[in-house]
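So that you can map any letter, position 366 of the sequence shown is 366 in the numbering used here, and since no number is skipped, the others follow by simple counting.
Everything labelled a hint here was simulated from the structure, so no lab data went into it. Each residue gets a CB set at the ideal place from its N, CA and C atoms; glycine is no exception. The reader is advised that the hints may include incorrect statements.
[Unchecked claim] Distance windows between CB atoms, simulated:
#	residue 1	residue 2	range
1	D176	G343	47 to 53 Å
2	Q103	K128	33 to 39 Å
3	G71	M370	35 to 41 Å
[Said to hold, decoys possible] Result set (EDC-like, lysine to aspartate or glutamate): computed pairs, CA atoms no more than 16 Å apart in a straight line:
#	residue 1	residue 2
4	K25	E353
5	K128	E84
6	K2	D176
7	K2	D285
8	K2	D287
9	K161	D171
10	K25	E35
11	K321	D378
12	K321	D285
13	K321	D287
14	K321	D280
15	K2	D280
16	K128	D171
17	K321	E84
18	K321	E359
19	K161	D176
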Amino acid sequence: MKVVIAPDSFKGSATSLRVASDIQKAWRRIRPRDEVTLISLADGGEGTISVFAPLFGSRLISTRYSGATLGRMYEGFCIVTNGEMAAVELASAAGLTLVPAHQRDPKRTTTFGFGELIARAASVPGVKRLVLALGGSATNDGGAGALQALGVRLTNTAGRKLARGGAALADLRSADFSKANRFPDLEVVIACDVDNPLLGRRGATYVFAPQKGATDDDLPLLESAMTRYADVLTEATGRDVRNVPGAGAAGGTAAGLLWLFPQATLRPGIEIVLDAVGFDDAVRDADIVITGEGRLDAQTLSGKAVAGVIRRTRAVNPRAKIIAIVGSVSPPDAQGELARALGLSAVYPMVREGVTVEEAIRHPATHLQMIAERAANDFAS
């Protein structure tokens with residue numbers, strides 16, 4: 001059989017390449033004669049740069065930038081370029097995994113460092129295309145910090161520079177784009193990992209802010225602040241992007257970037273990555289496609305890697321069986337329902353009876369290989 005292994009990373013536990021390698025090791029132990037192909041994926045969030053880096057003769061560029069809490073500066077290889085394209089990921093500067101649990105507070109965290117990364121990437125000589133990978137953020141500031149780093153003047157009701165963080169948006173009075181770095185000569189592609197709008201019950205605040213440290217009491221305050229931000233920026237730019245699918249990505253950063261870059265296009269990050277790695281050709285004659293992510297839940301249906309893999313596989317190879325090896329299923333009793341909704345042949349969670357989330361995170365290789373062996377046995381015929 002021909003098997004393609006194409007998972008996303010398991011955030012906070014294992015990179016996509018490590019996940020794929022562990023699955024491959026286990027599969028080969030059970031089915032050594034199968035032809036196995038590994039593809040490292042990302043959905044536009046954490047890990048996107050590491051997927052792009054080996055492609056097209058790309059090189060990594062190191063730079064300095066601010067963190068989500070502005071409490072420290074980072075320096076690292078956070079920009080990948082192949083000459084004409086430069087890509088940066090928000091998770092490198094304002095990622096949730098970079099913020100200690102006790103400091104996670106979307107009322108205060110900012111995307112300012114991401115704006116610094118964008119400015120540096122745009123300055124690389126010869127670059128004609130910017131890919132801005134969103135996802136995995138610790139923020140709910142609508143990209144306001146990034147816009148400030150790129151020269152947008154946001155003023156509060158006292159006429160002073162707006163403070164950073166999601167809560168400060170409630171005090172926004174005006175937005176001046178006259179001195180902003182909008183890079184009109186560059187193609188800008190915003191890679192997002194969800195299709196949620198900016199506001200409302202499916203918007204950035206109510207769906208994602210609780211994962212970033214927001215309490216139940218914080219949510220109406222953050223939503224009101226985001227609504228104020230949207231009203232001011234819509235008036236300032238003459239463009240209303242609040243209901244664009246994906247505008248709520250990365251705490252509304254996608255919306256902020258759409259206001260800043262009128263030339264920008266918004267695409268599912270997984271689609272950009274699948275194109276880059278030649279996914280369609282890889283799965284065209286596959287018998288089994290194995291994908292996966294850290295948690296399979298309702299959000300998987302909204303633009304995550306697993307949904308993208310399934311959609312593209314079905315388009316080019318309807319006969320292939322598609323299975324998902326995941327960290328966990330949330331809620332656990334929704335496994336069958338999610339599998340049916342996604343069109344999966346089977347789902348194999350690492351977290352199961354006798355294995356806690358903490359145990360799976362501490363020893364991902366052990367549990368990945370154990371589950372992959374079970375899958376290989378199940379699909380042996």
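Verification of the supplied hints:
At roughly 48 Å, the beta carbons of D176 and G343 sit within the given window of 47 to 53 Å. The supplied range of 33 to 39 Å is met by Q103 and K128, whose beta-carbon atoms lie about 38 Å from each other. Distance hint check for G71 and M370: the Cβ-Cβ separation is about 40 Å, which falls inside the suggested range of 35 to 41 Å. A threshold of 16 Å between alpha carbons decides the hint, and for K25 with E353 the separation of about 24 Å lies outside it, so the pair is violated.
Taken as a hint, the K128 and E84 pair is honoured in the structure, with Cα atoms around 5 Å apart against an allowance of 16 Å. Proximity of K2 to D176 is assessed by CA-CA distance (about 56 Å); at most 16 Å being required, the pair is judged violated. A threshold of 16 Å between alpha carbons decides the hint, and for K2 with D285 the separation of about 7 Å falls inside it, so the pair holds. Restraint check: the Cα-Cα separation between K2 and D287 comes to about 5 Å, which is no more than 16 Å; the hinted pair holds.
Only pairs whose Cα atoms come within 16 Å are accepted, and K161 paired with D171 is accepted, the gap being roughly 10 Å. Simply put, K25 and E35 have alpha-carbon atoms about 13 Å apart, close enough for the 16 Å limit, and the pair holds. Proposed proximity of K321 and D378 is supported: the alpha carbons are some 12 Å apart, at most 16 Å. For the hint pairing K321 with D285, the CA-to-CA distance comes to about 11 Å; that is within 16 Å, so the pair holds.
As the CA atoms of K321 and D287 are separated by approximately 6 Å, the hinted pair is consistent with the 16 Å bound. In summary, the hint linking K321 to D280 is supported, as the alpha carbons are separated by about 15 Å, within the 16 Å threshold. A hinted pair counts as satisfied when its Cα atoms are at most 16 Å apart, and K2 with D280 qualifies at roughly 14 Å. For the proposed pair K128 and D171, the alpha carbon gap of about 36 Å is over 16 Å, so the pair is violated.
Proposed proximity of K321 and E84 is contradicted: the alpha carbons are some 37 Å apart, above 16 Å. At most 16 Å may separate the alpha-carbon atoms for a hinted pair to count; K321 and E359 exceed this at roughly 29 Å. For the suggested pair K161 and D176, the alpha carbons sit about 11 Å apart, so the restraint of at most 16 Å is met.
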